[in-house]
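Starting from the structure of chain A, add chain B with the ligand where the hints point.
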Amino acid sequence: MTPKKFDYYSPTSINEAIQLLHDNEDSKVLAGGQSLLALMKLRLAAPSALVDISKLQEMSYVREDKDYLGIGALTIHDIIEHNQTIKKKFTLLTDAASKIGDQQIRNVGTIGGSSCHADPAADLPTALSAVNAHFVIRSGKGQRIVPATEFFVDLFQTAVGHDEVLSEIRLPYLPPRSGSGYIKHSRREGDFAIVGTGVVLTMGDGNVCKDIRIALGAVSATPLRAKSAEEYLKGKTLDDKNIADAAEIANEGADPPSDMHGSKEYRMEMIKVFTRRTVKLAMSRVM
Amino acid sequence: MATVMELVKESEVQWVGQPLKRKEDPRLITGLGKFVDDVKLPGLAFASILRSPYASAKIKRVDVSRAEKAPGVICTLTGSDVSKLTDPFLQISSAPANKVKDYCLAVDKVHFVGEPVAAVVAETRAEAEDAMELIEVDYEPEEHVLDARKALEKDAPLVHEQVGSNLVFHGKWDYGDIEDAIRKADRVVNAKLHFHRFSSTPIENNGVVVNYDRATGFLNIYCNNQMPMFCIPWLSFGLKFPSNKIRMITGDIGGGFGTKIISYPYIALICLLSMKAKRPVKWTEDRREHMFANHGNERSFDVEVPVKKDGTILGFKVSAFDDCGAYTRYEPAGATIWAQVSPGVYHFPNLKVDFFQVMTNKAPVGPNRGYSRMQHLWMIERTVDIIAKELGLDPADVRLKNYVRSDEMPYVTPSGGIYDGGDYSESLRKAMKLIDYDGLREEQARARKSGKLIGIGIATAVDSGTNNFGQVKIITDDNPFSGNSEAARVSIDGLGQFQVGLGTVPQGQGHETFAAQIVADEFGINPDQITVLSGFDSAINPYSHQSGSYASRSAVMGTGALLGATKKLKEKVAMIAAHLMKTLPENISFSEGNVVDKQTGKKMPIWQIANVAWVNNVLLPEGMEPGLVALNFWRPNFTLPDEKWRLNQTLTYSYQTHIAAIELDPESGKFKILRYVIVDDCGTQINPMIVEGQVHGAAAHGIGAAMFEEFNYDENGQLNSNTFIDYLVPSAVEIPHLITGHLEIPSLFAPKGIRGVGEGGGTPLGAISNAVEDALAPFGLQITDSHQNPQHIHKLIREKISKLNQVR
Ligand SMILES: Cc1cc2nc3c(=O)[nH]c(=O)nc-3n(C[C@H](O)[C@H](O)[C@H](O)COP(=O)(O)OP(=O)(O)OC[C@H]3O[C@@H](n4cnc5c(N)ncnc54)[C@H](O)[C@@H]3O)c2cc1C
Chain A
1 MTPKKFDYYS
11 PTSINEAIQL
21 LHDNEDSKVL
31 AGGQSLLALM
41 KLRLAAPSAL
51 VDISKLQEMS
61 YVREDKDYLG
71 IGALTIHDII
81 EHNQTIKKKF
91 TLLTDAASKI
101 GDQQIRNVGT
111 IGGSSCHADP
121 AADLPTALSA
131 VNAHFVIRSG
141 KGQRIVPATE
151 FFVDLFQTAV
161 GHDEVLSEIR
171 LPYLPPRSGS
181 GYIKHSRREG
191 DFAIVGTGVV
201 LTMGDGNVCK
211 DIRIALGAVS
221 ATPLRAKSAE
231 EYLKGKTLDD
241 KNIADAAEIA
251 NEGADPPSDM
261 HGSKEYRMEM
271 IKVFTRRTVK
281 LAMSRVM
Chain B
1 MATVMELVKE
11 SEVQWVGQPL
21 KRKEDPRLIT
31 GLGKFVDDVK
41 LPGLAFASIL
51 RSPYASAKIK
61 RVDVSRAEKA
71 PGVICTLTGS
81 DVSKLTDPFL
91 QISSAPANKV
101 KDYCLAVDKV
111 HFVGEPVAAV
121 VAETRAEAED
131 AMELIEVDYE
141 PEEHVLDARK
151 ALEKDAPLVH
161 EQVGSNLVFH
171 GKWDYGDIED
181 AIRKADRVVN
191 AKLHFHRFSS
201 TPIENNGVVV
211 NYDRATGFLN
221 IYCNNQMPMF
231 CIPWLSFGLK
241 FPSNKIRMIT
251 GDIGGGFGTK
261 IISYPYIALI
271 CLLSMKAKRP
281 VKWTEDRREH
291 MFANHGNERS
301 FDVEVPVKKD
311 GTILGFKVSA
321 FDDCGAYTRY
331 EPAGATIWAQ
341 VSPGVYHFPN
351 LKVDFFQVMT
361 NKAPVGPNRG
371 YSRMQHLWMI
381 ERTVDIIAKE
391 LGLDPADVRL
401 KNYVRSDEMP
411 YVTPSGGIYD
421 GGDYSESLRK
431 AMKLIDYDGL
441 REEQARARKS
451 GKLIGIGIAT
461 AVDSGTNNFG
471 QVKIITDDNP
481 FSGNSEAARV
491 SIDGLGQFQV
501 GLGTVPQGQG
511 HETFAAQIVA
521 DEFGINPDQI
531 TVLSGFDSAI
541 NPYSHQSGSY
551 ASRSAVMGTG
561 ALLGATKKLK
571 EKVAMIAAHL
581 MKTLPENISF
591 SEGNVVDKQT
601 GKKMPIWQIA
611 NVAWVNNVLL
621 PEGMEPGLVA
631 LNFWRPNFTL
641 PDEKWRLNQT
651 LTYSYQTHIA
661 AIELDPESGK
671 FKILRYVIVD
681 DCGTQINPMI
691 VEGQVHGAAA
701 HGIGAAMFEE
711 FNYDENGQLN
721 SNTFIDYLVP
731 SAVEIPHLIT
741 GHLEIPSLFA
751 PKGIRGVGEG
761 GGTPLGAISN
771 AVEDALAPFG
781 LQITDSHQNP
791 QHIHKLIREK
801 ISKLNQVR
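Chains A and B are the protein sequences, given in the same order.
For the first sequence, the residue numbers in this note's numbering are 1 to 287.
For the second sequence, the residue numbers in this note's numbering are 1 to 808.
In isolation and in its complexed conformation, chain A is listed as follows (with noise of 0.2 Å):
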């Protein structure tokens, strides 16, 4: 299929797509378009106008600011994976990264386009949901930061609005002793998520378990935090038996859909197992 007729903008700057977007009704941010573009296709989105951001370079990049790693809107997927920094001190984006799609997509696909498609499945948005990442929107009034748990509103919507632009991604820099990780559960490499884990863990004296987020994908509207097992687990030894009994209910709160890879009951199973790896991931990497 072709998409609808539509008109395409190329702005130089943030300000001037922002101007552009509030310039035109149902016109669309365009990023990497590995989900934009294939929904056009399927005539089940029709925009009006493209307003193309992907030549605007300086949204791509990954700094370290004394509080958080920012990550430019723009950032893609091939550079989340590599990035030597996000690996060191978020390693969980760098697994959900590397699992996205093929290295096509990789190349082009972005973390802002991903972050603001809010797929259910997608594995960026539960990872970052995990880390209590902080979105900063930029409008034509300035900009606002808002933190994973408003960002994602429902399915496929996010805190961002028509004639906002998401500018940058912030990672709040994790204490000692943390650790994270990613694992997606799909039938090949590089599916959208069955079930998708995101772990980022402290660890006290011992192996008490100082702070714990668990965030869950594909099981929900939006990534969901696992808040029951989180609490279960904070002031515990992360032993098998803790982390297992933790994970027996991670999937409080969860209602996932049914399809021909996972029925709801199976991914309501999946949860808990993958709960439970990941969790164990998450500990193997405490530095």
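These aren't lab readings, by the way, just hints derived from the structure by calculation.
Please note that the accuracy of each hint is not assured.
Listed next, the in silico EDC-like pairs over lysine to aspartate or glutamate satisfying Cα-Cα at most 20 Å (straight line) [said to hold, decoys possible]:
{"no.": "1", "chain 1": "A", "residue 1": "K5", "chain 2": "B", "residue 2": "E123"}
{"no.": "2", "chain 1": "B", "residue 1": "K803", "chain 2": "A", "residue 2": "E265"}
{"no.": "3", "chain 1": "B", "residue 1": "K795", "chain 2": "A", "residue 2": "D259"}
{"no.": "4", "chain 1": "A", "residue 1": "K4", "chain 2": "B", "residue 2": "E133"}
{"no.": "5", "chain 1": "B", "residue 1": "K672", "chain 2": "A", "residue 2": "D191"}
{"no.": "6", "chain 1": "A", "residue 1": "K241", "chain 2": "B", "residue 2": "E667"}
{"no.": "7", "chain 1": "A", "residue 1": "K4", "chain 2": "B", "residue 2": "D665"}
{"no.": "8", "chain 1": "B", "residue 1": "K172", "chain 2": "B", "residue 2": "E68"}
{"no.": "9", "chain 1": "A", "residue 1": "K280", "chain 2": "B", "residue 2": "D665"}
{"no.": "10", "chain 1": "B", "residue 1": "K795", "chain 2": "A", "residue 2": "E248"}
{"no.": "11", "chain 1": "B", "residue 1": "K452", "chain 2": "A", "residue 2": "D240"}
{"no.": "12", "chain 1": "A", "residue 1": "K41", "chain 2": "B", "residue 2": "E289"}
{"no.": "13", "chain 1": "B", "residue 1": "K795", "chain 2": "A", "residue 2": "E265"}
{"no.": "14", "chain 1": "A", "residue 1": "K4", "chain 2": "B", "residue 2": "E289"}
{"no.": "15", "chain 1": "A", "residue 1": "K99", "chain 2": "B", "residue 2": "E734"}
{"no.": "16", "chain 1": "A", "residue 1": "K41", "chain 2": "B", "residue 2": "E123"}
Output of the computed footprint for chain A on chain B, the stretches with three or more beta carbons under 8 Å from beta carbons of chain A [stated by the list, open to error]:
{"no.": "17", "stretch": "119–132"}
{"no.": "18", "stretch": "787–797"}
Where a beta carbon is used, it is the ideal one built from N, C-alpha and C, also for glycine.
Frame of chain A, contents of chain B with the ligand only:
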């Protein structure tokens, strides 16, 4: 692999058997291939097809008036137009199933989701698609049926009312005395099995460009149909258009695997559109459309197998229910084609198969790599493992005990197939050695102790090739086809240059290469000196009406036809040479581009003979016709079915043994392949590199089908897997390193001992389902489906565990 020149060492090189690089690859690799979508003609317009959203519905009204007024629109076409302009396509079925009315657009009723309902032609494809959205169709949904067995029930909704039932064909094959065998057996093994729906999804979808030339009255059809000359009767009768004005042209084709045989409804549709638009019209199928174009046969089986305690199989008693979808395009041919390999590789005299082919409201099926045999072979291979498990024997031993032996070759199967040589036991032994079977079994035992599940699965399949169309007379004697035939033309032009034309319609198999190797050996020249026409054009290539690439036939049939043509041509060259060199034709031999008088050693270059034959023709022997062109049609010796439907249904019977070792994660049901071995025997290999490629490709298709690919329908008849997001094709990551070995035991019957290779018999489906069951042995679970979806495996395990817990 060596290039041609590197291989030229001695004067008497045998080109057959050399792993030559393929002649067609430079153009394909550098993007110079010409596919149907590359065809651009002046004034070209573009078609788009509106499809049914319902599995079954009456069409109450189709209104194209808004679409016709849309920008760029040239014309539209609907089912009611088509019913006036054309006749329903020919049917292979007998009465009453032959009452199915198949048109290129749905008339009055839609029968499956994706069925074409109307078409638009516009100046651009985007405009055609825009206009398509303006066509209004009122449907009245009706009851549908999606399961073959349910479709046979008394009050089942009818897919085609005028047929009066959903049954296409019911056949009974009955050889030996199965009931007696069941009485005498130590044990009768039962199984209920299901072979799932999938297809081959070639990288190039279907495509058609038709230029109806009003000046000459010719329908010039550019397409990627893989059997264009077979398609012509369907087009000619359907369109009521004289066949001598239909020209079929194919270029490079991006894979076919059988799926591009039943594209004639689309071709007919674009012909009508070109005639109506008075313009050349192009239609390029998109991936989602392709997902509805050609599925493979889905089949379920009730199996009963009488066995002896020692593992001897006494026979098979099978009821098979084949789901062919909503139309019988190549069907019910498939309802007889499985019988090409009726006993698989096994020696048992008693066979009874009750075969039902049934229509449902799903996409129509058509040939697909391993067509109809792989379902049957999978059933046998799966059952053999169940037998081994029930008797507590090693599945390898049960196979070795029951294989047809090499000293029984040629072996006549219960249904009259004549297996043309080979050594199945040796093939298994070789595969076991390559995978280190004994070592693996030990590893498996160790792994089980630590809770790891390793499974080993074996399958051996017969890969029959070069079909005898006489098999469709089993359905009805009225079917006017039998045997098989192919055409080749070999010419030497006035400058001494060789050109070869074939009817075989390649889709990537390397026909230009193999044909050059065959002809090069006959004339003692280099394959680089031979030009083989690429693609197919019915106005240029020689053809028979059975020409095409299907049924693993092209190398065998092409070689047969080529050898006939080269023989004729050599005879003529020898006659001219003898006349010029004043010797006898029988003294003439061919070497390094020369004719040689064997008695005197005197040589003359072939170009000199060619010069005489064409342009210096006063020097020709008296009365001889000028020119050096030989056209040959070749057919193997085939017979018609006897009263018990016995006949040799194919000329060659290649075979392959696959062994898969997997590791299964019991917590998720997911598994990965640890090691994979294939031993194949396709007789004499013309080009081992091409053979290896075919073996790999067939294995990848089979592994994909076993592990990932499934056309999955919901209860409303909507196809869930209608894009590559859900229809999962394996990539290089999923396909394991394939460890291959070969036997080269020549065919007893085919030219040069060559057997067809390329379909692979769907062997991985057996190897993998057997491996999965073997991995699950600690749970005592049986695998009854050909498709291994992790969530289903997980469910089996969970159910078993909860059952065990209840017992405790
Ligand atoms: C074959 C294939 C396989 C894939 N497999 C996976 C997978 O395994 N896992 C996975 O997670 N994803 C997968 N994807 C999706 C991929 O990750 C996409 O890259 C990503 O979802 C979108 O990023 P993009 O830059 O391409 O965004 P686009 O497609 O350009 O945009 C997506 C949406 O976000 C909006 N948008 C983009 N950038 C901004 C911005 N800065 N500000 C405001 N709005 C913005 C757009 O308007 C649009 O609505 C796959 C995609 C394909 C085609």
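Results of checking the hints against the structure:
Proposed proximity of K5 (chain A) and E123 (chain B) is supported: the alpha carbons are some 15 Å apart, at most 20 Å. Distance restraint check for K803 (chain B) and E265 (chain A): the Cα-Cα separation of roughly 18 Å lies within the 20 Å cut-off, and the hinted pair is therefore satisfied. Only pairs whose Cα atoms come within 20 Å are accepted, and K795 (chain B) paired with D259 (chain A) is accepted, the gap being roughly 15 Å. A threshold of 20 Å between alpha carbons decides the hint, and for K4 (chain A) with E133 (chain B) the separation of about 11 Å falls inside it, so the pair holds.
Between the alpha carbons of K672 (chain B) and D191 (chain A) the distance comes to roughly 16 Å, so the proposed pair stays at or under 20 Å and holds. At roughly 17 Å between alpha-carbon atoms, K241 (chain A) and E667 (chain B) fall within 20 Å of each other, so this suggested pair holds. At most 20 Å may separate the alpha-carbon atoms for a hinted pair to count; K4 (chain A) and D665 (chain B) exceed this at roughly 45 Å. A hinted pair counts as satisfied when its Cα atoms are at most 20 Å apart, and K172 (chain B) with E68 (chain B) does not qualify at roughly 52 Å.
Of the pairs offered as hints, the one joining K280 (chain A) and D665 (chain B) holds, with about 17 Å between alpha carbons and a cut-off of 20 Å not exceeded. Distance hint between K795 (chain B) and E248 (chain A) is fulfilled; the C-alpha atoms sit about 18 Å from each other, no more than 20 Å. Annotation: proposed proximity of K452 (chain B) to D240 (chain A) holds, straight-line Cα distance about 19 Å (limit 20 Å). Between K41 (chain A) and E289 (chain B) the CA atoms are separated by roughly 13 Å; this keeps the pair inside 20 Å, and the hint holds.
In summary, the hint linking K795 (chain B) to E265 (chain A) is supported, as the alpha carbons are separated by about 9 Å, within the 20 Å threshold. Distance restraint check for K4 (chain A) and E289 (chain B): the Cα-Cα separation of roughly 18 Å lies within the 20 Å cut-off, and the hinted pair is therefore satisfied. For the given pair, K99 (chain A) sits about 14 Å from E734 (chain B) by alpha-carbon distance, which is consistent with the 20 Å threshold. Restraint check for K41 (chain A) and E123 (chain B): the C-alpha separation of about 19 Å stays at or below 20 Å, so the hint holds.
For the stretch 119–132 of chain B, the assignment as covered by chain A holds, since 4 residues bring a beta-carbon within under 8 Å of that chain's beta-carbons and 3 suffice. Given a C-beta distance limit of less than 8 Å, the hint that chain A covers the stretch 787–797 of chain B holds, as 5 residues qualify and 3 suffice.
Figure legend: structure checked against the earlier numbered hints; hints not met, in rising order: 7 and 8.
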